[in-house]
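Engineer: Full structure from sequences and hints, please.
Numbering (the working numbering), first residue to last: 1 to 130.
Treat the hints as calculated values from the structure; they're not laboratory data.
Label pairs and their calculated CB-CB ranges:
| id | residue 1 | residue 2 | range |
| --- | --- | --- | --- |
| 1 | Glu-113 | Val-67 | 12 to 22 Å |
| 2 | Gly-95 | His-64 | 40 to 50 Å |
| 3 | Tyr-114 | Lys-61 | 16 to 26 Å |
| 4 | Arg-62 | Gly-95 | 35 to 45 Å |
| 5 | Thr-112 | Lys-10 | 13 to 23 Å |
| 6 | Glu-129 | Val-105 | 12 to 22 Å |
Calculated pairs, SDA-like style, for lysine to any residue (alpha carbon to alpha carbon, straight line, at most 25 Å):
| id | residue 1 | residue 2 |
| --- | --- | --- |
| 7 | Lys-10 | Pro-59 |
| 8 | Lys-73 | Leu-42 |
| 9 | Lys-82 | Gly-51 |
| 10 | Lys-61 | Ser-33 |
| 11 | Lys-117 | Arg-69 |
| 12 | Lys-84 | Ala-39 |
| 13 | Lys-125 | Met-21 |
| 14 | Lys-61 | Arg-30 |
| 15 | Lys-61 | Thr-112 |
| 16 | Lys-117 | Ile-56 |
| 17 | Lys-82 | Lys-117 |
| 18 | Lys-73 | Val-120 |
| 19 | Lys-61 | Ala-32 |
| 20 | Lys-125 | Ile-56 |
| 21 | Lys-10 | Arg-118 |
| 22 | Lys-73 | Leu-55 |
| 23 | Lys-125 | Pro-59 |
| 24 | Lys-82 | Glu-116 |
| 25 | Lys-60 | Ser-34 |
| 26 | Lys-84 | Ser-94 |
| 27 | Lys-84 | Gly-97 |
| 28 | Lys-117 | Arg-30 |
| 29 | Lys-73 | Val-58 |
| 30 | Lys-73 | Ser-57 |
| 31 | Lys-125 | Ser-57 |
| 32 | Lys-84 | Arg-96 |
| 33 | Lys-10 | Glu-45 |
Just so we're clear, the structure is a prediction, and the values are computed from it rather than from any experiment.
Don't be surprised by glycine CBs; every beta carbon is placed ideally from N, CA and C.
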Amino acid sequence: MPSPARNTFKKSERLCSRILMDHLFQGDNRTASSYPIRAVFLPVEEAVQKGVSILISVPKKRFHDAVDRNRVKRQIREAYRKNKHALVEQVAQSGRGLLVAFIYVSAEIESTEYVEKRVVRLLDKIGAEL
RNA sequence: GCAGUUGGACGGUCUGUCGCUUGCUCCUAUGAGGAGUAUGAGGAAAGUCCGGGCAACAGAGAGCAUCCCGCUUGUUAAUGUGCAAGGUGUCGGCGACGGCAGGGAAGACGCAGAAGAAAACAACCGCCCCGCUCAGGCGAGGUAAGGGUGAGAAGGUAGAGUAAGAGCCUACCAGUCAGGUUGGUGACAUCCUGAGCUGUGCGUUCCGGGAGUUGCAAGGUCAUGUAUACCGGUGAUUGAGGGUUGCUCGUCCGAGCCGGAGGGUAGACCGCUAUAGUCUGCUGGCAACAGCAGGCACAGAUAAAUGACAGGCGCUAUGAGGUUUUUGCCACAUAGUACAGAACCCGGCUUAUAGGCCAACUGUUUUC
RNA sequence: GCCCAGAUGGCGGAAUCGGUAGACGCGCUGGUCUCAAACACCAGUGGGGCAACCCAUCCCGGUUCGACCCCGGGUCUGGGUA
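Structural biologist: Written out as structure tokens, the structure reads:
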């Protein structure tokens with residue numbers, strides 16, 4: 001991937017496996033918070049997971065309608081897509097993998113601009129902790 | 001014009017930048033990735049309330065029970081609260097119209113708190129008559145017209161009649177049943193005659209029709225990975241247990257089964273999207289719908305794609321302005337632009353919904 | 001996705017076949033006992049109104065003389081399911 005300006009978000013960057021999900025939430029994970037989003041993350045060996053893999057979760061309890069849930073997920077995904085490069089590079093150089101879960105904890109829809117700011121801060125925090 | 005009723009159709013759009021899903025083609029080169037191109041939410045995708053398709057189990061049935069439905073004719077794959085046209089009763093509305101109900105005997109049986117004398121073989125007060133009387137009443141009987149209670153008190157009104165009264169009798173009216181006339185496929189309507197047949201509500205009984213169960217996490221294929229290690233109970237042709245709709249009979253399979261305590265996998269592919277599909281025209285029908293001919297090809301995701309941001313145009317409301325005899329039209333500013341996201345697929349119902357559009361009809365105030 | 005349950009005073013939880021809603025327990029308030037408290041015992045305990053009475057079983061309709069109960073529609077909560 002020669003050009004870092006490409007803000008892609010492919011299927012391979014999403015965390016799909018049920019085993020890895022259990023691994024993430026049950027293992028000795030670490031958390032970072034930047035309201036309204038909390039991140040749960042876990043560094044793993046490259047054999048298990050190559051690069052960074054994320055999942056986004058919005059609880060049904062806080063957003064009853066599917067339309068609202070989808071909107072929040074999309075906001076977070078857009079923010080991650082645009083600002084992931086520093087973290088991806090860092091993980092790639094360390095030669096390990098990283099699992100991250102973004103959990104939306106607020107009960108209100110925020111502006112896209114605000115969500116993006118918080119995600120950027122969250123990614124910085126995760127980068128600093130590694 | 002205003003207010004309203006019913007039905008129908010719609011429910012944004014364009015440009016730029018950065019992205020996503022799936023199909024196809026090509027490239028790097030078999031691990032995946034890249035490029036191009038096409039494609040990608042709804043009228044309710046929702047609630048999961050009905051009906052089907054489809055799939056698995058079973059294919060040997062019989063009887064009983066249980067549950068559901070109930071105006072008519074038609075229509076659909078669809079019996080229910082589907083749809084269309086119609087019919088009756090009742091409630092709401094000035095009205096257009098809307099909501100709800102409906103098999104059968106005004107036959108039978110059962111039940112009905114509180115109130116009330118009494119809830120169906122009825123007499124508390126009252127009314128009438130007879131007997132006794134110390135003239136205060138007491139006793140025997142008749143009476144459903146009046147009082148009060150109640151959802152309901154023997155259909156209502158008037159007359160005749162009577163000791164007082166009562167469908168006891170007569171007339172009229174409301175209903176029911178029986179027979180007939182006319183119209184209608186029919187529910188039913190109309191008219192005539194006859195029968196004094198007439199308390200309210202619920203349930204049961206009866207009649208006709210219907211229902212196997214579970215649901216795409218159905219079910220199938222291929223991977224990956226182990227352990228029935230151990231304990232208790234019960235049974236092996238004298239039959240444990242299971243299938244067959246809930247039960248019984250019958251029938252089939254049959255060496256394991258039940259409880260405790262554990263171990264392993266939860267990945268990929270098929271199912272998976274083309275159909276009771278939709279549009280146009282013609283024919284039949286009041287209509288729902290059906291038939292024929294022709295055109296079109298239209299999401300398949302899986303921690304779950306169809307987006308994010310910026311700007312413009314529509315549309316609506318408000319404000320102030322220009323123009324015109326007015327309805328309007330023109331340009332400007334501000335605000336708003338709903339409900340809501342496929343998860344096997346259809347049909348229907350129900351609920352949510354900014355905003356305007358079309359058709360038919362109703363009420364009302366009038367103006368030219 | 002599919003299939004099911006449930007909602008009653010401050011809390012748990014009753015109410016037979018539709019017939020006076022709130023039994024019973026906990027909690028709370030007041031009183032007795034005590035120097036004081038705990039325990040125990042007694043009384044009260046949904047809201048409005050001076051009272052008659054009215055409103056109250058998640059919400060909106062319907063059936064019925066009468067509905068927590070029966071029948072529709074909605075809201076919320078909780079389960080099961082490869």
